[in-house]
Amino acid sequence: MSFSSTTTSSSMSFACFLVVLIVFSNDRLVHASGCYTSIISFGDSLADTGNLKGLATIADELYPCLLPPYGESFANQPTGRCSNGRLIIDFLAESLGLPLIPSFVHKGPDNIAAFEQGVNYAVAGATALSASFLEAKWTEKSVNNASLQTQLSWFQKSLPSICGNTSACRDYIGRSLFLIGEIGGNDYNYPLLVGKPIEEAESYVPLVIDTIFSTINEVIDMGAQTLVVPGNFPIGCSSSYLTTRAFLNEERDPSTGCLIQLNEFAEYHNQMLQSRLNEIRELHPNVIIMYGDYFNAAMQFYRSPPEFGFTNGVLKACCGGGGPYNYNTEARCGYEPATACDEPDTYANWDGVHLTEAAYKVIFKGLFEGTFTKPEFRSVCHASESQVNIGSSSAM
Numbered sequence: 076m077s078f079s080s081t082t083t084s085s086s087m088s089f090a091c092f093l094v095v096l097i098v099f100s101n102d103r104l105v106h107a108s109g110c111y112t113s114i115i116s117f118g119d120s121l122a123d124t125g126n127l128k129g130l131a132t133i134a135d136e137l138y139p140c141l142l143p144p145y146g147e148s149f150a151n152q153p154t155g156r157c158s159n160g161r162l163i164i165d166f167l168a169e170s171l172g173l174p175l176i177p178s179f180v181h182k183g184p185d186n187i188a189a190f191e192q193g194v195n196y197a198v199a200g201a202t203a204l205s206a207s208f209l210e211a212k213w214t215e216k217s218v219n220n221a222s223l224q225t226q227l228s229w230f231q232k233s234l235p236s237i238c239g240n241t242s243a244c245r246d247y248i249g250r251s252l253f254l255i256g257e258i259g260g261n262d263y264n265y266p267l268l269v270g271k272p273i274e275e276a277e278s279y280v281p282l283v284i285d286t287i288f289s290t291i292n293e294v295i296d297m298g299a300q301t302l303v304v305p306g307n308f309p310i311g312c313s314s315s316y317l318t319t320r321a322f323l324n325e326e327r328d329p330s331t332g333c334l335i336q337l338n339e340f341a342e343y344h345n346q347m348l349q350s351r352l353n354e355i356r357e358l359h360p361n362v363i364i365m366y367g368d369y370f371n372a373a374m375q376f377y378r379s380p381p382e383f384g385f386t387n388g389v390l391k392a393c394c395g396g397g398g399p400y401n402y403n404t405e406a407r408c409g410y411e412p413a414t415a416c417d418e419p420d421t422y423a424n425w426d427g428v429h430l431t432e433a434a435y436k437v438i439f440k441g442l443f444e445g446t447f448t449k450p451e452f453r454s455v456c457h458a459s460e461s462q463v464n465i466g467s468s469s470a471m
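Throughout, this note's numbering is defined as the position within the sequence shown, counted from one, plus 75.
To be clear, the hints were calculated from the coordinates, so they are not data collected in a lab. Please note that a few of the clues may not be correct.
Claimed, not checked - Per label pair, the in silico range of CB-to-CB distance:
id	residue 1	residue 2	range
1	Ala321	Pro235	50 to 56 Å
2	Glu325	Ser242	53 to 59 Å
3	Glu326	Gly239	53 to 59 Å
4	Glu354	Pro412	45 to 51 Å
5	Ser242	Arg378	48 to 54 Å
6	Asp328	Ser207	34 to 40 Å
7	Glu339	Arg453	25 to 31 Å
8	Glu418	Gln349	34 to 40 Å
9	Pro329	Glu293	42 to 48 Å
10	Lys212	Lys232	27 to 33 Å
11	Pro143	Lys212	33 to 39 Å
12	Pro143	Asp328	30 to 36 Å
13	Ser379	Thr414	26 to 32 Å
Said to hold, decoys possible - No more than 27 Å apart at the CA atoms, straight line, and that leaves these computed lysine-lysine pairs for DSSO-like:
id	residue 1	residue 2
14	Lys391	Lys436
15	Lys271	Lys212
16	Lys440	Lys391
17	Lys391	Lys271
18	Lys449	Lys436
Backbone N, C-alpha and C fix where the C-beta goes; we use that ideal spot for every residue, glycine too.
Hey, can you work out the whole structure from these sequences and the hints?
See below:
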């Protein structure tokens, strides 16, 4: 009799605890099947699923990603993705039970209903800093006018059409997972790909980080509750840099073949980004901000290619126009005489700049199913899912 009374009392206490936990967690954890009801993405070619395609009037020489053999392993035709197949954002959407996230420009205002489960504002070639700033630095360059602030402006202007009034939009934003980047890589490409000293690119880093910091604060003010902010890739392992900076005779890591100083530069960007993310966490303690460690998620296969099925290596591009790394600025993938390999899944690098679908899948798994987000995405997501399940049980 005493045992039964104790059990009943304990059960009631536990039930009360669950109710309190649900109420307490309601404004912090996003309630949705698969954790989130939508994904909002900003960035560059690492996440673009069709915006450049929508912006381009003709597939001229600036946009090889819009030509075959891009997309050959996914839709058997170019989709606007700068790869042979799917990107990290595609694997993420699939894992959350969401449709592939439509691109804002390519989809168009007539299909605004498709954005209820997410919108992708990322554009291939996009920079963190404004086009006007970079063109002033690089007068011979034409910079993509789709900077991070431009993408944020698109998001702000499109919201009323997606979710209606202010209250509904704040709810929509709060239930969404935000991907802020990767962004900044193209800002650094301008000096680095033409052989300028790394110190010149380093001078851009505080400006790039400030822009990311500002964007994060703006979306949080709009109601964002959960964000993933990726760092930079190990660019010293990129076929494009290994080719274009070969004349500089920069030191290489004997274990990977990657350029040591460029990878140290990428880590410098990443360390500064993480430091600023800590500042934002202090300003917004009720918002979940995850750092996406793209660098180390990718370094897995640069250190051990065969372990991940990359039997044809990780430094040589699958699609290209020749040379030690199959990267040739005069014969880029998509244009003659460049050709694509027969087994892209055995390569990590697709076109000298971007990775293969197989490589992006490894990075996705490391980030969203593994330990390469801080805090770990799987822990945050599972906590969110458990709240959904508890809420459903309570309702019954």
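Hint check results:
1. Distance hint check: the CB atoms of Ala321 and Pro235 are about 51 Å apart, consistent with the given range 50 to 56 Å.
2. In this structure the supplied range 53 to 59 Å holds for Glu325 paired with Ser242, their Cβ-Cβ distance being about 54 Å.
3. Checking the proposed 53 to 59 Å range against Glu326 and Gly239 shows it holds: the Cβ atoms sit about 56 Å from each other.
4. Separation of Glu354 from Pro412 is about 50 Å and conforms to the stated range, judged on CB atoms against 45 to 51 Å.
5. The given range of 48 to 54 Å is respected by Ser242 and Arg378, whose C-beta atoms sit roughly 49 Å from each other.
6. A C-beta distance of roughly 37 Å is found between Asp328 and Ser207, which places it inside the suggested range of 34 to 40 Å.
7. For Glu339 and Arg453, the Cβ-Cβ distance of about 29 Å falls inside the hinted range of 25 to 31 Å, so the restraint holds.
8. In this structure the hint that Glu418 and Gln349 lie 34 to 40 Å apart at CB holds, the actual value being about 37 Å.
9. A hinted range of 42 to 48 Å holds for the C-beta pair Pro329 and Glu293, which are about 44 Å apart.
10. Checked against the given bound of 27 to 33 Å, the beta carbons of Lys212 and Lys232, roughly 28 Å apart, stay inside it.
11. Look at Pro143 against Lys212: about 34 Å separates their beta carbons, and that is inside 33 to 39 Å.
12. Under the hint 30 to 36 Å, the C-beta atoms of Pro143 and Asp328, about 34 Å apart, fit the expected range.
13. The hinted range of 26 to 32 Å is satisfied by Ser379 and Thr414, whose Cβ atoms lie roughly 28 Å apart.
14. Between Lys391 and Lys436, the direct Cα distance comes to roughly 18 Å. Compliance with the 27 Å bound is thereby established for this hinted pair.
15. Proposed proximity of Lys271 and Lys212 is supported: the alpha carbons are some 13 Å apart, at most 27 Å.
16. At most 27 Å may separate the alpha-carbon atoms for a hinted pair to count; Lys440 and Lys391 meet this at roughly 23 Å.
17. A hinted pair counts as satisfied when its Cα atoms are at most 27 Å apart, and Lys391 with Lys271 qualifies at roughly 23 Å.
18. Restraint check for Lys449 and Lys436: satisfied, since their Cα atoms lie roughly 19 Å apart, inside the 27 Å limit.
Checked against the numbered hints listed earlier, the structure breaks none of them; every hint is satisfied.
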